[in-house]
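What follows is the residue order along each chain.
There are 2 protein chains.
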Amino acid sequence: MAAALGPKGDWFLQSKSIKGFLLDITGVLYENGGVAIEGSIEAVNALREAGIPVRFCTNETQCTKEHIVTKLNRVGFNLQPHEIFPPAPAVRSFILERGLRPHLLIHDGAKAEFADVDQSNPTCVVVGDAEDFFSYANMNAAFQSLMAMENPVLISMGMGKFYSSKGKLTLDLGPFTKALEFACGVEAEVIGKPSKQFFLSALNDIGLKPEEAVMIGDDIVSDVGGAQACGLMGVQVRTGKYRPKDENHATVTPDGYVDNLLQAVKLYLKHR
Amino acid sequence: MAAALGPKGDWFLQSKSIKGFLLDITGVLYENGGVAIEGSIEAVNALREAGIPVRFCTNETQCTKEHIVTKLNRVGFNLQPHEIFPPAPAVRSFILERGLRPHLLIHDGAKAEFADVDQSNPTCVVVGDAEDFFSYANMNAAFQSLMAMENPVLISMGMGKFYSSKGKLTLDLGPFTKALEFACGVEAEVIGKPSKQFFLSALNDIGLKPEEAVMIGDDIVSDVGGAQACGLMGVQVRTGKYRPKDENHATVTPDGYVDNLLQAVKLYLKHR
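The listed protein sequences correspond, in order, to chains A and B. Using this note's numbering, the letters of the first sequence correspond one by one to residues 1 to 272. Using this note's numbering, the letters of the second sequence correspond one by one to residues 1 to 272.
Hints were generated in silico from the structure; no laboratory data involved. Don't take each hint at face value.
It does not matter which identical chain is meant; a pair holds if it fits inside one copy or across any two.
[What the hints assert, rightly or not] Distance condition first, Cα-Cα at most 20 Å in a straight line; then the derived EDC-like pairs of lysine to aspartate or glutamate:
| no. | residue 1 | residue 2 |
| --- | --- | --- |
| 1 | 270 | 205 |
| 2 | 161 | 181 |
| 3 | 241 | 181 |
| 4 | 161 | 187 |
| 5 | 241 | 49 |
| 6 | 245 | 150 |
| 7 | 19 | 172 |
| 8 | 245 | 187 |
| 9 | 111 | 131 |
| 10 | 19 | 181 |
| 11 | 19 | 187 |
| 12 | 71 | 211 |
| 13 | 241 | 66 |
| 14 | 161 | 150 |
| 15 | 166 | 118 |
| 16 | 245 | 181 |
| 17 | 266 | 131 |
| 18 | 161 | 246 |
| 19 | 71 | 108 |
| 20 | 71 | 131 |
| 21 | 241 | 131 |
| 22 | 241 | 108 |
| 23 | 196 | 212 |
| 24 | 266 | 150 |
| 25 | 168 | 181 |
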């Protein structure tokens with residue numbers, strides 16, 4: 001398939017105003033199983049060689065930045081932890097700024113992020129993609145914790161519905177956050193894509209304004225829609241969990257589609 | 001606390017038009033742990049002696065009618081299985097009438113109700129209060145089953161948010177149904193309180209119209225709100241999962257409050 005036109009015409013014709021890239025990781029750089037997507041290593045290297053700042057915005061919440069980098073570099077990327085923006089460190093900053101004490105309903109692999117944070121007498125519940133840790137006992141404990149709070153605060157590291165893992169659709173954290181919202185009559189504060197604050201923190205790190213960057217992702221809502229709502233261009237790749245029906249999405253129209261990240265980078269560099 | 005006034009004034013002053021009672025079980029007759037609530041045995045006996053028809057509308061979905069009756073009679077009640085209206089038999093009828101094949105996400109204790117129902121190649125998912133069976137693996141299997149259906153049908157035996165068990169608030173099936181609704185973009189068909197059809201089937205059994213009966217329960221939404229939407233009076237007891245903040249509920253105003261079932265029955269019999 002050729003690169004399709006976005007609503008503003010060929011997005012890459014505006015390459016001159018684009019000074020930086022935000023990239024999703026899973027489904028753009030590599031598949032959930034850990035295999036690099038064709039051309040994605042070359043694409044990231046090409047951006048670096050051209051001096052284009054890049055940050056990686058991911059809703060990966062099962063492990064730390066260091067683990068993410070280790071997994072990526074093992075298959076041939078060359079990333080640094082400070083370039084990765086997952087929700088956990090943002091949640092950590094958020095709860096420390098507000099003086100909150102978390103009850104964690106997250107994957108064991110992500111708990112290191114909160115190791116030195118006071119977790120006694122919780123004043124908020126934090127939900128990550130806990131996977132098998134979403135047991136009835138753990139859901140109940142989080143629920144009871146919320147119900148015991150004078151002002152219940154529920155924080156969720158994204159609202160993804162499901163993802164593809166080992167070829168099977170698998171429940172993401174969003175449905176479990178919805179369950180707690182319904183049980184307690186509260187609305188979760190989402191920290192992670194598609195929250196505006198989340199994209200801005202990555203942009204801030206490379207000193208760019210939203211209109212000076214493009215977000216490239218496979219999730220039509222969290223990546224593309226979220227970025228656009230924040231003022232960035234949003235381009236969808238036809239890899240990862242992309243499905244042809246995304247191109248008729250009810251509420252989100254990307255600024256463009258590309259077959260994969262490498263095509264996006266080549267088009268950008270050619271028209272810059 | 002004294003019996004509080006409902007929006008229509010003292011509900012029991014309308015006792016002359018009330019000919020029958022629908023009673024919730026858990027939180028009204030006994031606590032989830034199995035202890036009879038003070039005065040509740042006396043209250044049921046008093047209604048029987050006065051010749052007032054009574055049916056028991058419960059969203060208990062962890063076991064069969066016979067088990068429920070055994071548990072109640074062990075602590076001093078004198079109930080018959082045909083007086084009990086739980087959701088499982090209604091769900092069974094519903095799926096057989098429609099020729100559906102269920103994927104069961106229910107408690108092992110309730111599976112006997114579906115023992116002779118074809119469960120191959122499921123065409124619907126049935127959610128009961130599965131409690132510890134609400135594991136991530138079981139939730140994921142139900143989700144994958146729904147996603148594999150051409151026309152996903154999700155059936156839930158109620159939408160209760162939580163109940164009180166051994167003195168602790170405990171997640172009910174509603175939040176887990178919400179999780180599946182959100183993940184799959186479907187709306188559950190609710191069979192059980194607060195569905196109108198469910199109250200009507202119990203009323204039908206005693207030959208009464210909605211305006212001739214009162215529902216007494218501890219759940220402000222499922223018991224009281226559901227009954228009122230069906231045309232019954234709805235009175236909330238201050239036992240079970242009742243919490244003082246229920247008296248300022250955003251959408252449901254009961255026809256009255258009573259400290260417990262015995263107070264309701266005494267007020268009713270006095271003003272009849």
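Here is what the structure says about each hint:
In this assembly of identical chains, the alpha carbons of residue 270 and residue 205 never lie at most 20 Å apart, being 26 Å within a copy and 74 Å across copies at closest. Both within a single protomer and between protomers do residue 161 and residue 181 lie at most 20 Å apart by alpha-carbon distance, with minima of 15 Å and 10 Å respectively. In this assembly of identical chains, the alpha carbons of residue 241 and residue 181 lie at most 20 Å apart only when taken from different copies (19 Å versus 25 Å within one copy). In this assembly of identical chains, the alpha carbons of residue 161 and residue 187 lie at most 20 Å apart whether taken from the same copy (16 Å) or from different copies (15 Å).
In this assembly of identical chains, residue 241 and residue 49 lie within 20 Å of each other by CA distance neither inside one copy nor across copies; the values are 29 Å within and 64 Å between. Proximity of residue 245 and residue 150 under a CA criterion of 20 Å is satisfied inter-copy only: 13 Å between copies versus 43 Å inside one chain copy. Proximity of residue 19 to residue 172 under the C-alpha cut-off of 20 Å is found in neither arrangement, the shortest distances being 32 Å within a copy and 50 Å between copies. For the homomeric pair residue 245 and residue 187, the shortest alpha-carbon distance between copies (19 Å) is at most 20 Å, but the shortest distance inside one copy (29 Å) is not.
Taking the closest pair of Cα atoms, residue 111 and residue 131 come within 20 Å of each other only inside a single copy of the chain (14 Å); across copies the shortest separation is 26 Å, beyond that limit. Within a single copy, residue 19 and residue 181 get their C-alpha atoms no closer than 39 Å, and across copies no closer than 39 Å, so neither meets the 20 Å cut-off. Proximity of residue 19 and residue 187 under a CA criterion of 20 Å is satisfied in neither setting, with 36 Å inside one chain copy and 42 Å between copies. Taking the shortest Cα distances, residue 71 and residue 211 never come within 20 Å of each other, neither inside one copy (31 Å) nor across copies (66 Å).
For the identical chains of this complex, residue 241 and residue 66 are neighbours neither inside a copy (24 Å) nor across copies (45 Å), given an alpha-carbon limit of 20 Å. Taking the shortest Cα distances, residue 161 and residue 150 sit within 20 Å of each other only across copies (19 Å), while inside one copy they are farther apart (29 Å). Taking the closest pair of Cα atoms, residue 166 and residue 118 never come within 20 Å of each other, the shortest separation being 36 Å inside a single copy and 29 Å across copies. In this homomeric assembly, residue 245 and residue 181 come within 20 Å of each other (Cα to Cα) only across copies, at 18 Å, whereas the closest approach inside a single copy is 28 Å.
Proximity of residue 266 and residue 131 under a CA criterion of 20 Å is satisfied in neither setting, with 36 Å inside one chain copy and 51 Å between copies. In this assembly of identical chains, residue 161 and residue 246 lie within 20 Å of each other by CA distance solely inside one copy; the values are 14 Å within and 32 Å between copies. In this homomeric assembly, residue 71 and residue 108 come within 20 Å of each other (Cα to Cα) only inside a single copy, at 17 Å, whereas the closest approach across copies is 40 Å. For the identical chains of this complex, residue 71 and residue 131 are intra-copy neighbours only, at 19 Å inside a copy versus 36 Å across copies, given an alpha-carbon limit of 20 Å.
In this assembly of identical chains, the alpha carbons of residue 241 and residue 131 lie at most 20 Å apart only when taken from the same copy (17 Å versus 30 Å across copies). Proximity of residue 241 to residue 108 under the C-alpha cut-off of 20 Å is found in neither arrangement, the shortest distances being 25 Å within a copy and 33 Å between copies. Only within a single protomer do residue 196 and residue 212 lie at most 20 Å apart by alpha-carbon distance; the minimum there is 15 Å, versus 55 Å between protomers. Taking the shortest Cα distances, residue 266 and residue 150 never come within 20 Å of each other, neither inside one copy (54 Å) nor across copies (37 Å).
For the homomeric pair residue 168 and residue 181, the shortest alpha-carbon distance between copies (19 Å) is at most 20 Å, but the shortest distance inside one copy (27 Å) is not.
Of the numbered hints listed earlier, those contradicted by the structure are 1, 5, 7, 10, 11, 12, 13, 15, 17, 22 and 24.
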